[in-house]
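Those sequence lines, one after another, are chains X, L and G.
Heads up: the first sequence runs through residues 1 to 236, numbered per this note's numbering.
Heads up: the second sequence runs through residues 1 to 286, numbered per this note's numbering.
Heads up: the third sequence runs through residues 1 to 336, numbered per this note's numbering.
I should point out that these hints are in silico values taken from the structure, not numbers from a laboratory.
Here the structure is a predicted model, which means the values were calculated and not measured.
Please note that the accuracy of each hint is not assured.
[As the list claims (entries may be wrong)] No more than 25 angstroms apart at the CA atoms, straight line, and that leaves these computed lysine to any residue pairs for SDA-like:
no., chain 1, residue 1, chain 2, residue 2
1, X, K132, L, K138
2, X, K183, X, E173
3, X, K29, X, S79
4, L, K159, L, F148
5, G, K134, L, E220
6, X, K131, L, Q155
7, X, K174, X, L228
8, G, K197, L, K185
9, L, K109, G, K113
10, L, K84, L, I163
11, L, K138, L, N58
12, X, K131, X, V175
13, G, K154, G, L19
14, X, K165, L, K174
15, X, K132, X, T186
16, L, K109, G, K154
17, X, K132, L, Y256
18, X, K7, X, G93
19, L, K174, X, K174
20, G, K113, L, R160
21, X, K71, X, Q22
22, X, K71, L, E175
23, L, K162, X, L54
24, L, K84, X, E173
25, L, K162, X, A111
26, G, K134, L, Y256
27, L, K162, X, G81
28, X, K29, X, Q17
29, X, K67, L, H90
30, G, K197, L, F148
31, L, K162, X, K67
32, G, K197, L, K138
33, L, K185, L, K138
34, X, K107, L, R160
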Amino acid sequence: MMSILLKVENVQTHIGQYHILQGVSFEAKEGQVSVLLGRNGAGKTTTLKTIMGLTPATSGTIHFQDKEITKQATHHIASSGIGYVPEDQGIFGALTVEENLKVAMRKEDDAALARQEYVLELFPDLKKYWKKDGGHLSGGQKQMLSMARAFINDSKLLLIDEPSKGLAPVVIEKVMEAIVEMKKQTTIILVEQNFIMASRIGDTYTLIDDGETVRSGQMSELVQNEELKRQYLGIG
Amino acid sequence: MELIINLLINGLATGMLIFLLAAGLTLIFGLMDVLNFAHGGLFAWGAFSGVWFYGLTNSFTIAIIGAILTGAVLGFITEKIIIKPVYGNHIQQILITLGFMIVLSEMLKVVFGPNQIAAKTPPLLSGSWEIGDVIIIKYRLFIIVVGFLVFGVFQFILKRTKIGLIVRAGVMNKEMVQALGINIKQVFLYVFMVGAALAALGGALMAPYSGVVYAEMGMEFAILAFIVVVIGGMGSFPGSLLAAILVGLAGSFMAYYVPALSLAVNMMLMAIVLIFRPQGLFTAKG
Amino acid sequence: MKNKFQVNNAILLVLVAALAVFPFVSDSRTWTILLTQIFIFSILAMSYDLLLGYTGIVSFGHAMFFGMGAYATAIMLNRLEPTLSVFFLSIAVGMVIAGVISFLIGLLTLRLKSHFFAMLTLAVSGLFLVLAEKWRTLTHGNDGFTFRAPEFFKDRMMFYLLVLACLVLVYFFLRRFVHSPLGRVLIAVRENEQRTKSLGFQTLHYKVIASVVAGVVASLAGSLYAISLRFVNTSVLTMDITLDALLMTIIGGVGTLIGPIIGAGVIELAQHYLSGLAKEHPIFERWIIFFGIIYILAVIFFPKGILGTIQYAFWKQKNKIPKVDVAAPSRKELTK
Chain X
1 MMSILLKVEN
11 VQTHIGQYHI
21 LQGVSFEAKE
31 GQVSVLLGRN
41 GAGKTTTLKT
51 IMGLTPATSG
61 TIHFQDKEIT
71 KQATHHIASS
81 GIGYVPEDQG
91 IFGALTVEEN
101 LKVAMRKEDD
111 AALARQEYVL
121 ELFPDLKKYW
131 KKDGGHLSGG
141 QKQMLSMARA
151 FINDSKLLLI
161 DEPSKGLAPV
171 VIEKVMEAIV
181 EMKKQTTIIL
191 VEQNFIMASR
201 IGDTYTLIDD
211 GETVRSGQMS
221 ELVQNEELKR
231 QYLGIG
Chain L
1 MELIINLLIN
11 GLATGMLIFL
21 LAAGLTLIFG
31 LMDVLNFAHG
41 GLFAWGAFSG
51 VWFYGLTNSF
61 TIAIIGAILT
71 GAVLGFITEK
81 IIIKPVYGNH
91 IQQILITLGF
101 MIVLSEMLKV
111 VFGPNQIAAK
121 TPPLLSGSWE
131 IGDVIIIKYR
141 LFIIVVGFLV
151 FGVFQFILKR
161 TKIGLIVRAG
171 VMNKEMVQAL
181 GINIKQVFLY
191 VFMVGAALAA
201 LGGALMAPYS
211 GVVYAEMGME
221 FAILAFIVVV
231 IGGMGSFPGS
241 LLAAILVGLA
251 GSFMAYYVPA
261 LSLAVNMMLM
271 AIVLIFRPQG
281 LFTAKG
Chain G
1 MKNKFQVNNA
11 ILLVLVAALA
21 VFPFVSDSRT
31 WTILLTQIFI
41 FSILAMSYDL
51 LLGYTGIVSF
61 GHAMFFGMGA
71 YATAIMLNRL
81 EPTLSVFFLS
91 IAVGMVIAGV
101 ISFLIGLLTL
111 RLKSHFFAML
121 TLAVSGLFLV
131 LAEKWRTLTH
141 GNDGFTFRAP
151 EFFKDRMMFY
161 LLVLACLVLV
171 YFFLRRFVHS
181 PLGRVLIAVR
191 ENEQRTKSLG
201 FQTLHYKVIA
211 SVVAGVVASL
221 AGSLYAISLR
231 FVNTSVLTMD
241 ITLDALLMTI
251 IGGVGTLIGP
261 IIGAGVIELA
271 QHYLSGLAKE
281 HPIFERWIIF
291 FGIIYILAVI
301 FFPKGILGTI
311 QYAFWKQKNK
321 IPKVDVAAPS
331 RKELTK
């Protein structure tokens, strides 16, 4: 039986004077890939940021492992076991690949080093450019570094924001493989515009439109629902 | 030749003092996005407390340590009371730190009296060496050595330690650092305290160099430090060293050759940099 | 609304009239001098608030414009002849210089972000201070020089009335200015510069205009200040003058014109009385420390200043009333 790892209930978020999220609800089950879908500006990125506490929710609740994290500080949320891969990857440009990972590592114990080994196997490029500045990596390498960095802390949940953005198809393929591989060890919430990619690796989907959840369900069901795809994703 | 060497040493020594002030300023700005107009006040407090501890204990080592601690404690208070309520609001920050500058320098007059106080050079560092025709004043050389030492130690911390990595990462992207589970507010506080301690160290070293301490010295040096931070690039630690040396040398050579322009040159340099290259000559962001 | 405006104006008029007859009924020289001083600094503080309160610009170089006016008047009265016409000419010259300089500085620096601008103005006014200190043939540096004021001002009262007239004129001029469409744009810049820009306003132009007006008015204050002392030295260009303007504006009330006047009154009176108390306890010699602390508290807790906070309290009370009024009839309707 898969338990619910993260539960977002009727979350509203204001940024400045703008009411961005106007009621987002969904669940992420353990060991699954939950995909947030929706048009540009629908509020997917803000949803991830709100979970991380970067743009705190003004109302509604977020539970992670049955504990409420809605009002917690970002660093508490992160250390309770959520890794974040932002849309712009958030690589520290003047730090080397090694240093980028080191900053993230909260404890430098054997387990962490083992996980580092694991991500380096997953992304051999990172090992190759170990001493290279993060700012000098290619877009795909940055994406991999960001994912590796989020994973290195025994994160129970990874929030990955549009990993395919701006990448060449070959690289997208690599990133996808990595996500599928990581899924064996952790739970993932993915924001993805590329529906083909999303449908191939996603288990469940949540459709967000104008800052509101429209519908959630099994990915397989959405793949067949041409009407829904046309209306909210502009495809099909 | 000896003239040039002497001017060089003078310039370097002054540059190092400015560097100690500017280093904290630049790190605080880079990391916290706060321009601390009260930083000069911490420098002046370092100078006064250094002189006071020296008079009390007759040990220059204790005087320096005392000044550094004074700076760190004041830094703690400043961050908690003055800076914390106004994170993110630039105008309020500018206003409040300037207000605190007034309070700090008036408090100096309350505690130590309104007149300037003479500062002695410790005997071990007094006098000078003669090498051929060149006379090298020991204390100035001492300042230069301390300056480079501080730079080396901090460069090591920034490059090689975990906390240094976090600070550098924070300068580049605060949000991401938090999202990695690091309490950046705590880091802010430490950096602020260290910056204040460095300023106080600069003040304590300045005292025997200039021979007197007075409350206004804070603002005078702070202006030089601002110039350095702008020229060196906000948030760039090595940039602040290079710019401080540049400003120190320009000041010392100009004071000899074109005294009327000595302060003006630095300000014009800063104005030009701000107008044409507002990010400074060196940048911290990758 | 119209009514309230008229009441306010009437109160102002009565106040001004009372101040105008004051020297005729009281022969306290101290008070006349003190009030003159307050009026002069009120003009300076209002000009500063045009930047800080209305446009949201923090300048640390306001003293340079004050100093320009002071030096223009002092030098011209000293070099030419101490007559009224030279005096008025010197005010005009000071204003023109201040206007041109603030225009140039504004054009170059107002595009910078707030702390860079603050720092740059600090440096530029520092440059003017150095210039005044080094150009001794013109300024006599830090020693300064005394000069003869026009015969007309021998009578302190006449000068008092002139300064009061200037204050009133500047007040009404600035009130017109901030209520003009241009002034509205400045407030929009303060609230959200990016948005004002995206509405199609060249915000830089507006900011430059504000800084020119502020500079010109500050120069007038400087001219009057020089006459009041019949002496000038480089202290008119120092940071202290800017700090005074800043304290007065913040403590009195940012974003109003009456606020800085109140601030100037409070600070000048406090300076007068508290430094008098220094005989009792030396801490009062450091009276500025109290204001530094009040200032800090004001920035954190009352960013609107004395006046703004009172106004806000009134506004809140007023706005409660209509809510009750709206609720009342609906209840009546229900009972019907």
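* **Hints the structure fails to honour** => 1, 7, 8, 9, 15, 16, 17, 18, 19, 20, 24, 28, 29, 30, 31, 32, 33
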